[in-house]
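Line order of the protein sequences matches chains A and B. Residue numbers for the first sequence follow this note's numbering, beginning at 334 and rising by one. Residue numbers for the second sequence follow this note's numbering, beginning at 16 and rising by one.
Rather than coming from a laboratory, the hints here were simulated on the basis of the structure. Note that CB positions come from ideal geometry on N, CA and C, so glycine has one too. Treat each hint with caution, since some may be false.
A partial selection of chain A residues facing chain B, derived with a Cβ cut-off under 8 angstroms [stated by the list, open to error]:
| # | residue |
| --- | --- |
| 1 | Gln336 |
| 2 | Lys342 |
| 3 | Gln347 |
| 4 | Gly356 |
| 5 | Leu371 |
| 6 | Trp373 |
Label pairs and their in silico Cβ distance ranges [to be verified]:
| # | chain 1 | residue 1 | chain 2 | residue 2 | range |
| --- | --- | --- | --- | --- | --- |
| 7 | B | Asp26 | A | Glu489 | 34 to 40 angstroms |
| 8 | B | Pro84 | A | Gln369 | 17 to 23 angstroms |
| 9 | A | Trp502 | B | Asp147 | 42 to 48 angstroms |
| 10 | B | Ser52 | A | Gln336 | 25 to 31 angstroms |
| 11 | A | Asn339 | B | Ser233 | 29 to 35 angstroms |
| 12 | B | Asn226 | A | Arg516 | 18 to 24 angstroms |
| 13 | B | Pro108 | A | Asn379 | 25 to 31 angstroms |
| 14 | B | Asn212 | A | Val458 | 35 to 41 angstroms |
| 15 | B | Trp167 | A | Trp502 | 36 to 42 angstroms |
| 16 | B | Asp37 | A | Thr395 | 33 to 39 angstroms |
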Amino acid sequence: MAQSLNYLKETPSQTAGPYVHIGLAPGAAGFDIYTQELGWDIAGPNAKGERIRVEGLVIDGTGSPIKDVMLEAWQANAAGVYAHPEGGGDVEEGFRGWGRVITDFATGEWGFDTVKPGRTPGRNVGTQAPHINLWIVARGINLGLNTRVYFEDEAEANAADPVLNLIEWERRRATLIAKRTERDGTPVYRFEIRIQGEDETVFFDI
Amino acid sequence: MPSQGEFYQRDRERHPPAYTRDYKTSVARSPQYSAISLQNSVSEITGPVFGHNDIDPMDRDLLHNYAQPGESAIGERIILHGRVLDENARPVPNTLVEIWQANAGGRYRHKKDTYLAPIDPNFGGCGRTITDADGYYYFRTVKPGAYPWRNWVNSWRPAHIHVSVFGTGFAQRLISQVYFEGDPLIAKCPIVKTIPNQDAIDSLVALLDMNATIPLDSIAYKFDIVLRGRRSTLFENRLEGN
Ligand SMILES: [Fe+2]
């Protein structure tokens with residue numbers, strides 16, 4: 334027998350199931366239990382930068398919207414700083430950079446308001462294009478799916494982004510670029526997430 | 016500048032694959048392409064920070080957090096407790112742990128749950144807490160009931176509590192389910208069996224912990240949660256500068 338390395342093993346994942354809302358977004362699911370629910374305000378009132386909305390659908394392998402998804406967003410502020418001790422500096426008071434939303438039970442639409450993030454440092458050198466990290470869980474998803482939202486109007490930064498460039502199939506990179514439109518003067522980025530099938534969204538093992 | 020390196024690679028042999036035919040809902044909700052493996056950048060090393068001001072201490076007591084004054088939830092009163100650790104066996108302090116569950120009859124307080132077992136007017140079914148300096152957490156609740164679900168005609172979920180944990184980096188984000196020692200439904204459950212490794216399945220089964228019971232009040236189950244560990248920066252595997 335040899336020695337033991339004595340590392341612990343990560344707890345295995347299980348699906349969030351159909352009732353994830355009551356645990357993580359009970360107010361949105363229709364019952365008030367907590368005086369303050371977490372994740373409703375990503376940027377806070379003091380964040381600098383452009384106020385935007387990001388929205389879309391999550392579409393399954395049959396082409397149908399999934400109506401019981403929960404998504405979490407994690408992003409830097411407009412200066413490219415994450416609200417974390419290792420995030421690269423200080424952020425505005427009230428900027429958390431994290432939020433969660435559920436899809437509409439009837440339509441499958443999701444959306445959140447935030448500020449557009451800035452460029453962040455690359456892993457070794459250079460910078461990453463502005464992006465929002467997403468984590469997607471639902472009934473039928475056994476391990477949360479990680480992806481990134483990039484922005485159509487950041488073509489130059491996107492072309493140099495080390496993560497987008499890691500995707501061998503250039504055609505698939507387009508699945509991570511949100512399309513910019515405008516509604517009532519606010520930029521709205523449309524980001525459809527295709528879990529399976531044609532134009533399947535790129536997911537990352539992070 | 017990160018004080019430590021990247022997270023250890025996830026051991027995919029201990030997690031369920033995306034496509035698990037016997038858990039039918041996964042079939043149309045599983046990506047067909049492989050996920051693209053990323054070495055961690057600041058986007059993955061960091062994650063949301065929560066404080067004790069974000070929650071109310073009462074949030075961890077499901078016996079009372081939705082009950083009328085002077086009343087409490089119906090069912091077998093239990094304590095669910097344990098520690099959040101990383102793969103280096105270090106405690107993960109100040110991290111948010113959230114749970115949700117069915118009531119003692121197996122019914123969720125959710126508009127999509129139409130099981131004929133009754134709603135308990137004094138039970139909401141969700142709770143949350145933040146780990147202490149030792150990574151320790153506890154909840155007071157009732158043991159959830161088993162419930163039927165539409166997979167095969169006669170499919171029943173073992174008693175379980177859903178659990179969500181953050182850690183310090185977004186790469187550690189995890190949702191899982193806690194099962195209870197001795198439940199014969201565990202071995203029959205298609206969702207449990209999405210996990211391809213028996214040792215990993217066993218790590219989701221909470222043990223009866225007589226040392227933590229409150230005599231004449233509640234019995235206890237112990238459930239430790241392990242999140243991904245991080246490399247040290249002792250050697251040349253640093254995140255920055257190489
Ligand atoms: Fe459940």
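* Supplied contact hint for glutamine 336 of chain A, tested at 8 angstroms Cβ to chain B -> Violated: closest Cβ of chain B sits about 15 angstroms from glutamine 336 of chain A, beyond 8 angstroms.
* Asked: So does tryptophan 167 of chain B sit 36 to 42 angstroms from tryptophan 502 of chain A, Cβ to Cβ?
  -> Holds, since tryptophan 167 of chain B and tryptophan 502 of chain A (Cβ atoms, about 38 angstroms apart) stay within the stated range.
* Was the hint right that tryptophan 373 of chain A lines chain B, CB cutoff 8 angstroms? -> Hint on tryptophan 373 of chain A: violated, closest Cβ of chain B at ~12 angstroms, above 8 angstroms.
* Hold the hint about lysine 342 of chain A up to the distance rule: shortest CB distance to chain B must be less than 8 angstroms. => holds (6 angstroms)
* Asked: Is the hinted range of 33 to 39 angstroms satisfied by the C-beta distance from aspartate 37 of chain B to threonine 395 of chain A?
  -> violated (19 angstroms)
* **Cβ distance range 25 to 31 angstroms for serine 52 of chain B and glutamine 336 of chain A, holds or violated** => Holds, since serine 52 of chain B and glutamine 336 of chain A (Cβ atoms, about 29 angstroms apart) stay within the stated range.
* Asked: Falls inside 17 to 23 angstroms, the C-beta gap from proline 84 of chain B to glutamine 369 of chain A?
  -> holds (21 angstroms)
* **leucine 371 of chain A as chain B interface residue, shortest Cβ-Cβ below 8 angstroms** => holds (6 angstroms)
* To do: Let me know if the C-beta of glycine 356 of chain A comes in closer than 8 angstroms to any C-beta of chain B, holds or violated.
  => holds (3 angstroms)
* Using 8 angstroms as the Cβ threshold, decide whether glutamine 347 of chain A counts as touching chain B. => At 4 angstroms from the nearest chain B Cβ, glutamine 347 of chain A passes the 8 angstroms test, so the hint holds.
* **Verdict for asparagine 339 of chain A, serine 233 of chain B (Cβ pair) under range 29 to 35 angstroms** => Holds: the Cβ-Cβ distance is about 33 angstroms, inside 29 to 35 angstroms.
* aspartate 26 of chain B and glutamate 489 of chain A, beta-carbon distance inside 34 to 40 angstroms? -> Roughly 38 angstroms apart at Cβ, these two residues keep to the hinted range, so it holds.
The structure fails hints 1, 6, 12 and 16 (numbered hints given earlier, in ascending order).
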